[in-house]
Amino acid sequence: MGKKLLIHNDKVPGINTLEVYRAHGGYASVEKALKTMTPDQVTDEVKKSGLRGRGGAGFPTGLKWSFLAKPEGVERYLVCNADESEPGTFKDRYLMEKIPHALIEGMITSSYALGAKSSYIYIRGEYFYVARIVENAIKEAYAAGWLGKNILGSNFSHDCYVQVGGGAYICGEETALLESLEGKRGNPRIKPPFPAVAGLWGCPTVVNNVETIAAVVPIVNGGGEEYAKIGIGKSTGTKLISASGHINKPGVYEIELGITVEDFIYSEEYCGGIRNGKKMKAVVAGGSSVPILPTELILKTAKGEPRLMTYESLSDGGFQTGTMLGSGGFIVMDEDTSIVKNLFTFARFYHHESCGQCSPCREGTGWMEKILKKFLNGTASESDVELLWDIQSKIEGKTICPLGEAAAWPVAAAIRHFKHEFLEIAKSKKFVDISHYDRLNKKVVA
Amino acid sequence: MGAQVHGTQHFDAKKRAELKFSDAAMETVKDIISRYPEKHIKSALLPVLHVAQAEFGGWLSPETMDYVASVLKIKPIEVFEVASFYTMYNLKPVGKCTFEVCQTSSCWLNGAEDIVKYIEKKLNIKVGETTKDGMFTLKTAECLGSCGTAPMLQCGASYHENLTYDKVDKLIEKYKSENKLRSYTDLDYNNTL
Numbered sequence: 062m063g064k065k066l067l068i069h070n071d072k073v074p075g076i077n078t079l080e081v082y083r084a085h086g087g088y089a090s091v092e093k094a095l096k097t098m099t100p101d102q103v104t105d106e107v108k109k110s111g112l113r114g115r116g117g118a119g120f121p122t123g124l125k126w127s128f129l130a131k132p133e134g135v136e137r138y139l140v141c142n143a144d145e146s147e148p149g150t151f152k153d154r155y156l157m158e159k160i161p162h163a164l165i166e167g168m169i170t171s172s173y174a175l176g177a178k179s180s181y182i183y184i185r186g187e188y189f190y191v192a193r194i195v196e197n198a199i200k201e202a203y204a205a206g207w208l209g210k211n212i213l214g215s216n217f218s219h220d221c222y223v224q225v226g227g228g229a230y231i232c233g234e235e236t237a238l239l240e241s242l243e244g245k246r247g248n249p250r251i252k253p254p255f256p257a258v259a260g261l262w263g264c265p266t267v268v269n270n271v272e273t274i275a276a277v278v279p280i281v282n283g284g285g286e287e288y289a290k291i292g293i294g295k296s297t298g299t300k301l302i303s304a305s306g307h308i309n310k311p312g313v314y315e316i317e318l319g320i321t322v323e324d325f326i327y328s329e330e331y332c333g334g335i336r337n338g339k340k341m342k343a344v345v346a347g348g349s350s351v352p353i354l355p356t357e358l359i360l361k362t363a364k365g366e367p368r369l370m371t372y373e374s375l376s377d378g379g380f381q382t383g384t385m386l387g388s389g390g391f392i393v394m395d396e397d398t399s400i401v402k403n404l405f406t407f408a409r410f411y412h413h414e415s416c417g418q419c420s421p422c423r424e425g426t427g428w429m430e431k432i433l434k435k436f437l438n439g440t441a442s443e444s445d446v447e448l449l450w451d452i453q454s455k456i457e458g459k460t461i462c463p464l465g466e467a468a469a470w471p472v473a474a475a476i477r478h479f480k481h482e483f484l485e486i487a488k489s490k491k492f493v494d495i496s497h498y499d500r501l502n503k504k505v506v507a
Numbered sequence: 004m005g006a007q008v009h010g011t012q013h014f015d016a017k018k019r020a021e022l023k024f025s026d027a028a029m030e031t032v033k034d035i036i037s038r039y040p041e042k043h044i045k046s047a048l049l050p051v052l053h054v055a056q057a058e059f060g061g062w063l064s065p066e067t068m069d070y071v072a073s074v075l076k077i078k079p080i081e082v083f084e085v086a087s088f089y090t091m092y093n094l095k096p097v098g099k100c101t102f103e104v105c106q107t108s109s110c111w112l113n114g115a116e117d118i119v120k121y122i123e124k125k126l127n128i129k130v131g132e133t134t135k136d137g138m139f140t141l142k143t144a145e146c147l148g149s150c151g152t153a154p155m156l157q158c159g160a161s162y163h164e165n166l167t168y169d170k171v172d173k174l175i176e177k178y179k180s181e182n183k184l185r186s187y188t189d190l191d192y193n194n195t196l
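Protein chains in written order, with our numbering: chain A, 62 to 507; chain B, 4 to 196.
Chain A with its partners taken away, still in its complex shape (with noise of 0.2 Å):
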């Protein structure tokens, strides 16, 4: 069994309530941080740890909040992104709903370290009851005293609270998160200034994803070292990692990072091997932005190598060949799958999702919704595979915010990768649906 720092206590009867909590050890990092560390210290660890990103970016955190302005006088504020929208990613919402008080006490701590006074959590408005189990846990810990003023006893006063999205993938970019949070359009800024400098209402501000903050109670309990002993270099301590797809086992598995990618998917202890005795086809590794891999390269890297579940592992050999750990949104898919059928779900995904701002990405996500659509109602040509990846070649680098990118990677990957699926249906001037399988029943059928 590899070692689970998050969500090891997820089948704790009550594990959601504070009583519970603290009986399992809950809030002794607020405890270790303001009695015997300085906010300094706290990041230090932080830093210390290794800790990237959860949300996808796998920017280290402590550098990040090694940036934040701290001019006198000026509030400072933490914001956690629980804005989880990328497809195939829900581990956000299984940590907040069994171990809310794991996302508060992180918040507590963390706000601790960066100075913060105030914390807003941005949870995405269908998240609805998801929200209210965070907000019964925050009242519980303002009655406990660990929210409120003067905690423990310290100078340190923090209030926390919560705010629901109103349904925009585009709020999880922590700059379009922001203006939501203001109460406006989901729009990304133009950065520079980035959050550290000015963020919420124009103040120093962190963005953090829920795992992210989670992730610092264990740093700080045990120490950023310890944390780092854990996964294989840059890529360090635990991931959630959500699975979905034609697997026996779906569900949210905290892994060791440097796990095989085999190891995750075939063994009992995760995913459980393919449903029905089927082969795999491909996975999409770390949510529908990251370009989808055939299984050979998912498996093994281009030199052959076991491709490992670290940051460094899935991105071996760039996009030619490789892929990306991103938001740890796993979506495998059997060998009856359609590449084409599943890319129009993530095409029209995009385009349902962009904010409208850049034309690149307003108008390139339409085109290639529109595009793959002639493939599946049998009018497409095969000249309009060449047009869909010059579309995505030129979304790319031209947009504000990355869902340009998210929307082209993988477009290009799919081209890239199984380009034969395209012309079949080209040359064929039908789409079938390949799948000898009852999706519903989760049987095949004969």
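These aren't lab readings, by the way, just hints derived from the structure by calculation.
Misleading hints may appear alongside valid ones.
As a list, the in silico PhoX-like pairs of lysine-lysine whose alpha-carbon atoms are at most 20 Å apart [stated by the list, open to error]:
1. B:K76 x A:K245
2. B:K78 x A:K245
3. A:K200 x A:K210
4. A:K245 x B:K45
5. B:K120 x A:K434
6. B:K95 x B:K42
7. B:K33 x A:K200
8. A:K361 x A:K434
9. B:K125 x B:K78
10. A:K342 x A:K361
11. A:K178 x B:K42
12. B:K95 x B:K18
13. A:K245 x B:K42
Here the structure is a predicted model, which means the values were calculated and not measured.
Following the hints, complete the assembly by docking chain B onto the known chain A.
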């Protein structure tokens, strides 16, 4: 002002004058407003719109948006800008229960299309339509973060996961017999069916 802002939508001044949050809703709104520094009251807009939508019939009419603007002391256009950007706000009337069926990758891989077709047939409506009795509206949604328990649909605050035809039948029966407006702000969410 509302009539100008909302263009083709008719603005009914009389209806607008009658709009007022119930005491309970007003308490919630005050609690939301208290979460932000006074000068940044506009930040309360998204959550307050959710309360307003639940309070005033499941959608945001021009009158409702105008009222929310007055509560938060901002311009009606600022409310419309936001309400028209985010998918959870309905700018047209909907049924008492809106079924939002997730259709993105993992849900598609697990039969979301079959669920949509089944509901269409069962309720005799297409995606985007409302049943004649005003009970159900059917929509498709983009990834709702339920990929490991696909296929799924959301109705108000409730997530209904690992759907089968049988579960859909039961859901329709359940919501029909309850016969009440379902909102994201509901406290009696139920994620077990």
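Hints, one by one, checked against the model:
1. B:K76 x A:K245: holds, 15 Å
2. B:K78 x A:K245: Between B:K78 and A:K245 the Cα gap is close to 12 Å, so the pair holds against 20 Å.
3. A:K200 x A:K210: holds, 14 Å
4. A:K245 x B:K45: holds, 8 Å
5. B:K120 x A:K434: holds, 18 Å
6. B:K95 x B:K42: violated, 32 Å
7. B:K33 x A:K200: Within the cut-off at roughly 16 Å; holds.
8. A:K361 x A:K434: Violated. A:K361 to A:K434 sits at ~32 Å, over the 20 Å cutoff.
9. B:K125 x B:K78: violated, 43 Å
10. A:K342 x A:K361: Distance ~14 Å between A:K342 and A:K361 Cα, so the pair holds.
11. A:K178 x B:K42: holds, 17 Å
12. B:K95 x B:K18: holds, 16 Å
13. A:K245 x B:K42: Distance ~15 Å between A:K245 and B:K42 Cα, so the pair holds.
Consistency with the previously given hints fails for numbers 6, 8 and 9, ordered from lowest to highest.
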